[in-house]
Amino acid sequence: MSDETSMTAKTPQDQPLLDVRDLSVAFGEGETRSLAVNRISFSIRKGETLALVGESGSGKSVSALSVLKLLPYPPASHPTGQILFQGKDLLTAGDTAIRKVRGNKISMIFQEPMTSLNPLHTVERQIAEVLKIHRGMGERQARERVIDLLTKVGIPEPETRLGSYPHQLSGGQRQRVMIAMALANEPDLLIADEPTTALDVTVQAQILKLLKDLQRQEGMAMLFITHDLGIVRKFADRVCVMTKGEIVESGPVAEIFANPQHEYTRHLLAAEPKGSPPAHDDSAPVVVRAEDLKVWFPIRRGFLRRTVGHVKAVDGIDVTVREGQTLGIVGESGSGKTTLGLAILRMISSTGRIAFKGADIQGLGWKDMRPLRRDMQIVFQDPFGALSPRMSVADIVGEGLAVHFPGITAEERDTRVARALEEVGLDAATRFRYPHEFSGGQRQRISIARAMVLEPKFVMLDEPTSALDMSVQAQVVDLLRDLQKKHGLAYLFISHDLKVVRALANEVVVMKSGKVVEQGQAHEIFEAPKTDYTKALMAAAFRIETAPEGVVSA
Amino acid sequence: MDSTATPAPMNSSPVPVERHRLSPINRRRLANFQANRRGVWSLWIFLVLFGLSLLAEVLVSDKPILVSYKGELLAPVLVDYPEEKFGGFLAVTDYRDPFIQEEIGANGWMLWPPVRYSYRTVNNEIPVPAPAPPSWSMDKETRCAQYPEGANDPNCVVGNWNWLGTDDQGRDVLARLVYGFRISVIFGLTLTVASSFIGIAAGAVQGYYGGWVDLLFQRFIEIWSAIPTLYLILIVSSVLIPGFWTLFGILLAFSWLALVGVVRAEFLRGRNFEYISAARALGVSNLTIMWRHLLPNAMVATLTFLPFILNGSISTLTALDFLGFGLPPGSPSLGELLAQGKNNLQAPWLGITGFIVISLMLSLLIFIGEAVRDAFDPRKSFR
Chain A
1 MSDETSMTAK
11 TPQDQPLLDV
21 RDLSVAFGEG
31 ETRSLAVNRI
41 SFSIRKGETL
51 ALVGESGSGK
61 SVSALSVLKL
71 LPYPPASHPT
81 GQILFQGKDL
91 LTAGDTAIRK
101 VRGNKISMIF
111 QEPMTSLNPL
121 HTVERQIAEV
131 LKIHRGMGER
141 QARERVIDLL
151 TKVGIPEPET
161 RLGSYPHQLS
171 GGQRQRVMIA
181 MALANEPDLL
191 IADEPTTALD
201 VTVQAQILKL
211 LKDLQRQEGM
221 AMLFITHDLG
231 IVRKFADRVC
241 VMTKGEIVES
251 GPVAEIFANP
261 QHEYTRHLLA
271 AEPKGSPPAH
281 DDSAPVVVRA
291 EDLKVWFPIR
301 RGFLRRTVGH
311 VKAVDGIDVT
321 VREGQTLGIV
331 GESGSGKTTL
341 GLAILRMISS
351 TGRIAFKGAD
361 IQGLGWKDMR
371 PLRRDMQIVF
381 QDPFGALSPR
391 MSVADIVGEG
401 LAVHFPGITA
411 EERDTRVARA
421 LEEVGLDAAT
431 RFRYPHEFSG
441 GQRQRISIAR
451 AMVLEPKFVM
461 LDEPTSALDM
471 SVQAQVVDLL
481 RDLQKKHGLA
491 YLFISHDLKV
501 VRALANEVVV
511 MKSGKVVEQG
521 QAHEIFEAPK
531 TDYTKALMAA
541 AFRIETAPEG
551 VVSA
Chain B
1 MDSTATPAPM
11 NSSPVPVERH
21 RLSPINRRRL
31 ANFQANRRGV
41 WSLWIFLVLF
51 GLSLLAEVLV
61 SDKPILVSYK
71 GELLAPVLVD
81 YPEEKFGGFL
91 AVTDYRDPFI
101 QEEIGANGWM
111 LWPPVRYSYR
121 TVNNEIPVPA
131 PAPPSWSMDK
141 ETRCAQYPEG
151 ANDPNCVVGN
161 WNWLGTDDQG
171 RDVLARLVYG
181 FRISVIFGLT
191 LTVASSFIGI
201 AAGAVQGYYG
211 GWVDLLFQRF
221 IEIWSAIPTL
231 YLILIVSSVL
241 IPGFWTLFGI
251 LLAFSWLALV
261 GVVRAEFLRG
271 RNFEYISAAR
281 ALGVSNLTIM
291 WRHLLPNAMV
301 ATLTFLPFIL
311 NGSISTLTAL
321 DFLGFGLPPG
331 SPSLGELLAQ
341 GKNNLQAPWL
351 GITGFIVISL
361 MLSLLIFIGE
371 AVRDAFDPRK
381 SFR
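Residue numbers (this note's numbering), protein chains in the order written: chain A, 1 to 554; chain B, 1 to 383.
So here's chain A without its partners, still in its complex pose (with noise of 0.2 Å):
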């Protein structure tokens, strides 16, 4: 792939397109100023695709940003660099100069394509905002070019979008008229900031594939900003490795995967989630049983508001989770997954028969329920949002505990917190610090010990893994499963990530639209799939490549 988009660039001595020399940014100022980037440079060549990797906080996206001034100004401030854009210092130049190259010679795309776009705005006015802009484009004008670019975007029937908001698009499509946006004046250099983060494995595979045959077809250079090395590897010409704001290792990507030579990159590296799930049992005993889930959200019209249709967001599905086994939930966003989880939790109201070591559960009330939540658990996803960023760390773990325990004294109460802080990993002695002092991975872990410290049962594990850099992802998982191990846990794993669920789950059920889909042992269905959406979902999340028409959502 490389030797294409090399090419297109004309001799390798070329002057760069992008060259970026010695670039600090600091925020802050006096003695709170802090380094975010240090000196780093790179330059890319018309045509080329740099990617810059590095796992949260790393600078990537700040680096990104200053180069079409993006930062706020002050606190940020670049204390030492350039960046010379065919020839011209995009730093010191003035709003004017820099406005005329943002959205016209340089373009970008960001991570969050819900948040990208002005939801009050339909998708002919955002497009056709920037090619008013920076071309002058008239009303009918403007609508042609809208329309060629949604056709190359790649979005069917682009005459009917031209009205839709974006709510009313899916997650892919959002991020498809946003790379439209991007290309809308044909520009030399797209930046993409992680621009298939917040999207599905299949629907991640796709965009890449766009963004790979636009290239080609435009000859622009791309500077792609992500986490995760699996994209890396496929997709760019040349890669540069950043930690803590240096760039520690750079080249072509072949090489630096072959022979990575900093200590950190092969850190990265190594960073995928190992081990293999507990051996599949089925003498074990049944924690968790749910016969025909059914979770159907009433659609009301009319001015009676009368039940027109249900969305079946969970349709008559089965699930049995086995004492230290782990049952793995896959799908794309939208499949129902969380929802199946909560209503098995009684945390949604469902049909059908829940049990929980044998007792019915469906029929209890709030009440009724409360001395079970103790042996039934949950971990979130969002690290940052389950916990309340009010309370220290010692309250929040010891929250359940005063009320399932209430007759413990409050050392004991601390006692218990803080060993169940050492279970995951963490030093006991920070349990009097709040949420937001700590990392991504250290805050998953004290949700991890919120639901361990009433020793129970049954957990249900929300995506636990998928907001986490690679690295931690895997300190996580092993985590996980020692906690399974120890206390012969019954785990209820929901993720769309299958390499996370190869590495914890020993059986799978392959869910899209509230229904199942495939059902199994873990080894089986990774190994030899049945349907064609689990080989789909296989293939994205293990190749990034794409399925053909039809099988999975665009």
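These are calculated hints, taken from the structure and not from any lab test. Please read all numbers here as calculations on a predicted model, not as lab measurements. One or more hints might be untrue.
Heads up, incomplete: computed chain A residues facing chain B, CB under 7 Å, no partners named [what the hints assert, rightly or not]:
1. Phe380
2. Asp382
3. Gly400
4. Val403
For each residue, glycine too, the CB sits at the ideal point set by N, CA and C.
For this one, chain A is given, so just place chain B on it according to the hints.
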């Protein structure tokens, strides 16, 4: 790193001072508040003024602070002594009466407050018809003209000056101002506290439970808020004698609406947070979730509103007093002072004093409110 302050995990006394420390977020807020110099100064000035007005009985009163009578030490500020004690016949002693003063002077001494008038004390010795101008604008001869012994009268002293003149009933303006300020602020504070209490509770219930509770409550609030408050007060005050608590009740019935919207919105937003779900999954009761997890979120918006609600309460009371539908006649009140100023344009000290005090008080509160709002604004940063 504050690991120095944290104890070892298995320490036998695991609840150290650490836990009562301000949380980092609150420390930041305090720093932000202190960075707003105007707000800090306003707060201190207001606190000093309010503190002084709370001591009004000692500083501005027609009763002596201490009396030594026949070897007995009396505190008329605290105890109402009948006049019999000093040889008279009234139920309550009038210490300004020359007879009593003579009697006590002969058998001991009196310690007077700096200003010897209370808000309802009528100065019978003003040299001109009421309203009388401030004493310092007259020379000693005129000032003491009405005292029995003229300029040599023992009562024609600084303590009996009318620093800001008198109103049209011969009452000392300064004394009425001090008591009026106090009653305004106390009324405002009580009303604010009570209405926020109800408002927060109502908003919390609506926001947390949502659905039908929310729907019905919202409709009720829409209807309720459509009632014109002022008319209602006019009607009620023609039936009941308006007192502090009557007014308080009527105003409270409507002022709690102010916070409902904000708190409801915060709870609606907050109830879908993952840490709320986490708390529910832990089996924490609804009441505890509302109190411990959701209320702190709503408090920011609420605290931001409070100074303005306080200001609103004070101005409503002032307006009612100005119109004559407020506190019962004779009560010290800023609104009544303004009304007098309007009726006695020839006595500008009435209107000007009222204006300055009211605008000063409201400005101070607004400045404090601004500083509080900035302190709670996470996007605002001060260096």
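Structure-based check of each hint:
1. Phe380: 5 Å, holds
2. Asp382: 6 Å, holds
3. Gly400: With Cβ-Cβ at 4 Å, under 7 Å, it holds.
4. Val403: 5 Å, holds
Against the hints set out earlier in the document, no violation occurs for any number.
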